[in-house]
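Trainee: Listed here are the chains, written in short residue letters.
2 protein chains.
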Amino acid sequence: MKASAHAADYYRRILSEQAHSLKQLDAFAKIVLCNRGQKVPRSESSAGHWYCVISGAARRCALRTDGRRQILDLMLPRDFFFVRGDGDEVTIEAIVDETAFASYSGEGIEQLAERDPKFARELRDVAFRALGRSQAQLMIVGGVTALEKVGSFLLSLDGRSSGEDGQVVLPVSRYDIADYLAVSVETVCRSFTNLQQRGAIRLAGKRTVKILNRAALEDHIGEPGSRGLALSSKEGLARASACQAGPSYAR
Amino acid sequence: MKASAHAADYYRRILSEQAHSLKQLDAFAKIVLCNRGQKVPRSESSAGHWYCVISGAARRCALRTDGRRQILDLMLPRDFFFVRGDGDEVTIEAIVDETAFASYSGEGIEQLAERDPKFARELRDVAFRALGRSQAQLMIVGGVTALEKVGSFLLSLDGRSSGEDGQVVLPVSRYDIADYLAVSVETVCRSFTNLQQRGAIRLAGKRTVKILNRAALEDHIGEPGSRGLALSSKEGLARASACQAGPSYAR
DNA sequence: CGCAGCTTTGAGTTTGCTCAAGTGGAGTGG
DNA sequence: CCACTCCACTTGAGCAAACTCAAAGCTGCG
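Chains as they are written, first to last, in the working numbering: chain A, 1 to 251; chain B, 1 to 251.
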C-alpha cells in the first residue's frame, strides 16, 4: 500500500493537533504508514530511531528460544518508542491497518537534545514513561490467575485509551493479548467468557468491551479463598516490617 | 546500624574506582547504607532521587491487590535507579546487609543535565538501561514453565554479576526469586532441584550456583515435546511472514 | 461460494499452587 | 556447651488452573 501525499498530510495534521510530549519535533517528523503485521524497519544508523504513534497501534515483539512470541510493549496513539540501531532481537510491527507513525532520526533527536536542555528533559520523561509502561506490564503479567491478568490488562487499556471510560476498544487480537500476557489464546478466550459470566464485563462485539464492575476486575479475582495469600508475600511482609529502622546516612 | 564516616569513605573510594555511567557525579554523591530489608526512603522533593548501587543489592517492590509482592527490578552494583517523589506505589529495599548506595538529589541531577548536554545524554542512557532490565525481566517472567523462568533468571544473573562466568552467587533469597519470577517459593525450590538433577547446574551451597550446561538452561527446558510450540507463536509467525512488504513512506 | 483467519468451546493431561511437615544453620540465652 | 528459636530452605500430597490438542462457529473477502 502506497502512502499518498494526501494521507501524509492528513496524519501530519492529526499529529499537530495531538497533545503529545515532543511538540517541537512536529516539523521534523516523517510520516510512516504501516498495515497490519508490517514491520517498522530497523534503523540503519547506530543512533537508532524514534517514533510516535499517531493513529492505530503497534507492538514490540521478541521471539523466545522455544519459538513463542512475547509482546514486550504495546504502543497506542501518543506513545513514543525507540528502536535501537544495533542488532536488537526485537521487531516493531503495526497491529492495525494504516497505523501512522511520526518518525524521527536518532541523530536529529540527539542534536536537538544537545542544543536544547528543555527538550532533553522532555525526552527523558518520554523514556521514563516507556519504563513505566514496562513495569506496569510486569505487574500485569506477574498476576496469578489468567482472570487476573486479563482483568488488569483491560483496566490498563481503559486507562490508556482516549475513548470514554468503561468502554474499551481492543486494538489487538486474542493472539496478541495472549502473547502480551504470556498465556495461551484459549485461556484468554475463556477468561473473557468467564468475566462476562461474572458480570464484570460485557462483550459488545469481539473487539469491544464494556467494563461493568471495576472492582471485580482489580480485586483478586475469583471466589474468596481460591488461591489465597502466597507464603512468599506473607514472608515478604514479615521481613519488611521487621526492619522498620531507616537507613543510615553518612556524611 | 550507624554508618561511620569510616564506612562512608570506604564506599566512596569503591564508588570512585567503579566504572559506572555517571562518573562526574562522584563528587556530589551522598553515601547511604542500608541493612537487609531496610527501605530506601522516598524522596521528599517532587524531583525525585537518583541512586547507584555501590555494593550489595536492592529490589524495587510493588504490592498487589491480593497482598502478593512483585519485585519489579533487581539492582546490582553499578546499576542506577530512580525513585519518584510523588506517591509511587513502590518501595526500594536493600536485599543484603550493608548495601551501599550513592545518592543524588533529583534537583542536582536536573541542574547538571541542564548545563551539560553530554551528561544529559549519559543520563538518558542510564534510563534506557533500566528499560532494558525491565524488558529482560518481562522475557523471563513470560516464560512458560517454572524451569524456564528459573533457568533464564540464572543466566541473566550470570551475565550481570561481575564474578567469574558460570559461577553465580545469588544475592537474593528463594522468596525474592519467587516474587521476581511471579511463582511460588516451593516451585523455585523444586526448579533448582530439578535443574541440578538434570545436570544443568550444581548447587554449591544454598546461595551459590555453578552453571554446568548453558544450553540446557536457555533452550526450552524439559523433554523435547513437552509443551511444544504454542498456537499463538505459530500464528504469529504466519502473520508476520504473510506481510513481508515494507511500510510505505510519505514525503 | 469457499477459503482464511480469528474466535470460541470441549476433553484430557500436566504444571504449579496450597497446605503441611520436616531439615539445617545461625544466633541467643541459660 | 547445649537447648531453643527463628528463619530460610526443602520435600511430599492433593487439587485447581492452565496448557495442548481438537474441532467447530463466525466474518470478511476474493
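Each hint should be verified, as a subset may be incorrect.
It does not matter which identical chain is used: a pair holds within one copy or between any two.
To be verified - Keeping only pairs whose Cα atoms sit at most 30 Å apart, straight-line, the calculated DSSO-like set for lysine-lysine is:
{"hint": "1", "residue 1": "K118", "residue 2": "K23"}
{"hint": "2", "residue 1": "K30", "residue 2": "K206"}
{"hint": "3", "residue 1": "K39", "residue 2": "K23"}
{"hint": "4", "residue 1": "K39", "residue 2": "K206"}
Hints listed in this document are in silico derivations from the structure and should not be mistaken for laboratory results.
Trainee: State for each hint whether it applies.
Mentor: Hint check results:
1. K118 <-> K23: both (12 Å within a copy, 23 Å between copies)
2. K30 <-> K206: Close neither inside one copy (34 Å) nor across copies (55 Å); limit 30 Å.
3. K39 <-> K23: This pair counts as within: shortest intra-copy Cα distance 25 Å, inter-copy 38 Å.
4. K39 <-> K206: Within one copy only: 25 Å inside a chain, 45 Å across chains, cut-off 30 Å.
Of the numbered hints given earlier, the model fails hint 2 alone.
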